[in-house]
Every structure is written in C-alpha cells, then in structure tokens.
Amino acid sequence: MKMINEVVNLNPKLQRVQQVLRQSGLLTITEKLRYWLSVVRYNQSNKTFISKHPDFKVPPQALAYDAYSAPDWEYYMASGLSTAKALFDIAEKNLDVMPAKVLEWGCGPARVVRHMPAVFGPGTEVYGSDYNSDSIGWCASNVPDVKFVKNELNPPFSFDSECFDLVYSISVFTHLSEAVSYEWIDELIRVVRLGGILIISTNGDSRLGVMLPEEVDAYNATGIVIRDKFEEGKKMFWACHSPDYLRMKLFKDLEVLDHKPAGFPHTGQDMWVLRKPKLV
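The numbering of the sequence shown is our numbering, which starts it at 222 and goes up by one.
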C-alpha cells in the first residue's frame with residue numbers, strides 16, 4: 222500500500238529540481254498539475270470503490286489530495302482503518318484506563334479518526350481537530366460519533382487542561398516551524414492527563430536519502446531541517462527532526478515509551494509513543 226506525503230519521496234536530483242521550483246514559485250503550479258493527474262489516475266478505481274461501498278462517505282478530492290497526496294478511496298479507507306487498529310493496540314498496552322477520551326490533532330478529512338469510535342469501542346469519546354476550515358466543515362457534516370473542533374495554526378486549543386487520555390498526531394510536526402512546534406508540544410502536554418500518552422509521527426533518519434547535501438549537513442549538525450518557502454502548516458512546508466533532537470529538546474518533558482524509526486503505519490515516518498509523567 223502506498224504512503225502518504227509521496228511528494229517528498231524523490232531522489233536527490235529531483236529534490237534539486239524541486240528546490241529550484243520552490244525558489245521560483247513554480248512548485249505550486251506543479252502541484253496543481255499533480256492533483257489533476259491524480260484525479261484522472263484514480264477515476265475508475267474510485268468509481269468501483271463507491272459502487273462497492275455506497276454508504277461510505279468520501280471527502281472532496283481536493284481535501285484528500287492536500288492531506289494524503291492521493292484522492293484514492295480504497296487507500297483512504299483501508300489505511301485509515303489499519304492505522305486506527307494500530308493506535309488501539311498501543312493505547313491498550315500503555316493506558317491504565319480504558320475506554321479512553323481521545324483526540325486526533327490534525328485530523329484532516331478524517332482518514333483515521335472516523336474509524337476510532339468503532340475500533341476503540343463503546344464508551345470511547347473521540348475528538349478531531351484541524352486548522353483547515355474546509356476539512357473540519359466536511360468532517361462535522363459527514364463523520365458520526367466524533368466531535369470536531371477547529372484549531373488555529375498556533376495554540377491554544379479550546380479544551381480544558383488534562384482532559385484527554387490519548388492525543389495522537391500524524392504528519393503534523395512535519396509541516397511546522399521549530400518555534401511553532403515548541404508551542405504545540407507544550408499545548409499537547411497541557412491537554413493530556415497525567416499518565417496519559419501522546420502518539421506522534423515525525424520525519425527522521427529515513428528521510429536522509431531524499432535530502433540535498435546541504436540539508437544532510439544541517440541535519441547532522443543541528444538535528445533539524447525545514448523547507449520553509451511555503452505557507453506553514455501546508456504539506457509543501459516540510460520539517461525533519463533527528464531522534465536525538467526530539468529526545469533532548471522537543472520531547473524533553475515526556476517519557477519516551479517507544480520509538481520506531483520509519484514505523485508509523487502508511488507514512489514512512491518515525492513513530493513516537495510518549496507519556497506525560499505523573500506527579501511524584
């Protein structure tokens with residue numbers, strides 16, 4: 222099965238071309254072309270999917286492409302369900318209380334969060350948040366049993382402190398600046414309860430092969446690389462963090478329960494399972 226954010230999975234020569242396009246402002250035009258080509262590519266398979274699953278509501282293709290780089294409904298359903306099951310396994314292993322109150326920060330058009338109520342079972346409270354108004358509007362109108370809330374690019378949430386047992390985010394820190402990332406990790410820590418867990422995906426060492434030489438040097442020297450020629454929060458704004466950087470800096474106030482390099486389902490990104498320490 223394909224991975225999301227395919228746009229960054231390019232060899233260094235193509236990355237150099239992409240850098241030139243970024244600097245010239247032409248990459249946005251290229252992305253629009255890629256979108257329409259993807260619509261054509263999945264047209265027939267999507268028709269087949271809808272005929273087989275007439276009750277499964279799918280988001281607008283533009284929202285799916287913006288979030289996952291492919292308006293492919295078979296992938297959207299299957300990868301979302303398998304990811305929800307993987308998150309349940311982690312929660313069952315690491316949470317001391319189930320059913321849980323769960324938040325997906327950066328839910329997009331609900332690829333994963335729509336499956337959480339069924340996978341996590343009765344009594345689970347599920348919330349989704351995103352800063353894309355169109356995604357939140359579509360989700361609120363089409364995805365039952367999940368409460369959707371719009372957030373802004375910068376915190377805070379509208380949630381009370383320590384109100385969630387589990388907060389997870391998939392490919393969100395991968396599109397934020399260093400300063401905004403620090404704001405958000407503090408906010409995630411605020412809303413998760415003592416002893417609760419965070420599950421976060423990040424770009425890590427597995428992305429070294431798609432970096433330019435100067436980016437590799439920066440990554441090795443500082444632990445962070447950011448491509449910031451586009452609007453922050455959008456998929457073309459790209460961030461990569463080394464495991465040491467995350468352990469010693471961004472995640473320094475959290476207990477690392479598990480780190481799986483390139484182990485987050487369907488993303489090629491690192492998986493981090495983190496606990497908010499209980500007060501002694």
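Careful, some of the hints might be misleading.
As the list claims (entries may be wrong) - Here are the computed lysine to any residue pairs in the SDA-like style, where the Cα-Cα straight-line distance is at most 20 Å:
{"hint": "1", "residue 1": "K456", "residue 2": "D287"}
{"hint": "2", "residue 1": "K473", "residue 2": "Y403"}
{"hint": "3", "residue 1": "K456", "residue 2": "K368"}
{"hint": "4", "residue 1": "K481", "residue 2": "K455"}
{"hint": "5", "residue 1": "K450", "residue 2": "E399"}
{"hint": "6", "residue 1": "K456", "residue 2": "E373"}
{"hint": "7", "residue 1": "K253", "residue 2": "A442"}
{"hint": "8", "residue 1": "K499", "residue 2": "A442"}
{"hint": "9", "residue 1": "K322", "residue 2": "E383"}
{"hint": "10", "residue 1": "K473", "residue 2": "L433"}
{"hint": "11", "residue 1": "K322", "residue 2": "D310"}
{"hint": "12", "residue 1": "K322", "residue 2": "K371"}
{"hint": "13", "residue 1": "K371", "residue 2": "I311"}
{"hint": "14", "residue 1": "K322", "residue 2": "R411"}
{"hint": "15", "residue 1": "K455", "residue 2": "V431"}
{"hint": "16", "residue 1": "K368", "residue 2": "D355"}
{"hint": "17", "residue 1": "K322", "residue 2": "N372"}
{"hint": "18", "residue 1": "K473", "residue 2": "A442"}
{"hint": "19", "residue 1": "K268", "residue 2": "A283"}
{"hint": "20", "residue 1": "K278", "residue 2": "L316"}
{"hint": "21", "residue 1": "K455", "residue 2": "Q282"}
{"hint": "22", "residue 1": "K481", "residue 2": "G430"}
{"hint": "23", "residue 1": "K253", "residue 2": "K499"}
{"hint": "24", "residue 1": "K371", "residue 2": "P343"}
{"hint": "25", "residue 1": "K278", "residue 2": "P338"}
{"hint": "26", "residue 1": "K456", "residue 2": "L433"}
{"hint": "27", "residue 1": "K306", "residue 2": "V367"}
{"hint": "28", "residue 1": "K322", "residue 2": "P377"}
{"hint": "29", "residue 1": "K455", "residue 2": "K306"}
{"hint": "30", "residue 1": "K306", "residue 2": "L316"}
{"hint": "31", "residue 1": "K470", "residue 2": "E373"}
{"hint": "32", "residue 1": "K314", "residue 2": "S354"}
{"hint": "33", "residue 1": "K455", "residue 2": "P338"}
{"hint": "34", "residue 1": "K368", "residue 2": "M319"}
Rather than coming from a laboratory, the hints here were simulated on the basis of the structure. Quick caveat: nothing in here was measured; it's all calculated off a predicted structure.
Holds or violated: K322 and D310, Cα atoms, limit 20 Å. holds, 15 Å
Between K499 and A442, is the straight-line Cα distance small enough, at 20 Å or below? violated, 34 Å
So if I understand the rule, the pair passes when the alpha-carbon distance is 20 Å or less; does K314 with S354 pass? Status violated; Cα separation ~34 Å.
Is the Cα-Cα distance between K481 and K455 20 Å or less? violated, 25 Å
Would you mind confirming whether the straight-line C-alpha gap from K322 to R411 stays at or under 20 Å? Holds - the C-alpha atoms of R411 and K322 are around 15 Å apart, at most 20 Å.
With the threshold set at 20 Å, check whether the alpha-carbon distance from K456 to K368 stays at or below it. The hint is violated at about 24 Å.
Take a quick look at whether K456 and L433 sit within 20 Å of each other, Cα to Cα. OK: K456 and L433 at ~18 Å, within 20 Å.
Checking one constraint from the list: CA of K473 to CA of Y403, max 20 Å. Satisfied? holds, 11 Å
Taken at face value, is the distance from the CA of E383 to the CA of K322 at most 20 Å? holds, 11 Å
CA of K322 to CA of N372, is that 20 Å or under? holds, 18 Å
Verify the proposed pairing of K455 with V431, using a straight-line Cα cut of 20 Å. Holds: K455 and V431 sit about 19 Å apart, inside 20 Å.
20 Å limit on alpha-carbon distance, applied to hinted pair K371 and P343: violated, 25 Å
In summary, the structure is inconsistent with hints 3, 4, 7, 8, 10, 13, 20, 23, 24, 29, 31, 32, 33 from the numbered list given earlier, while agreeing with the others.
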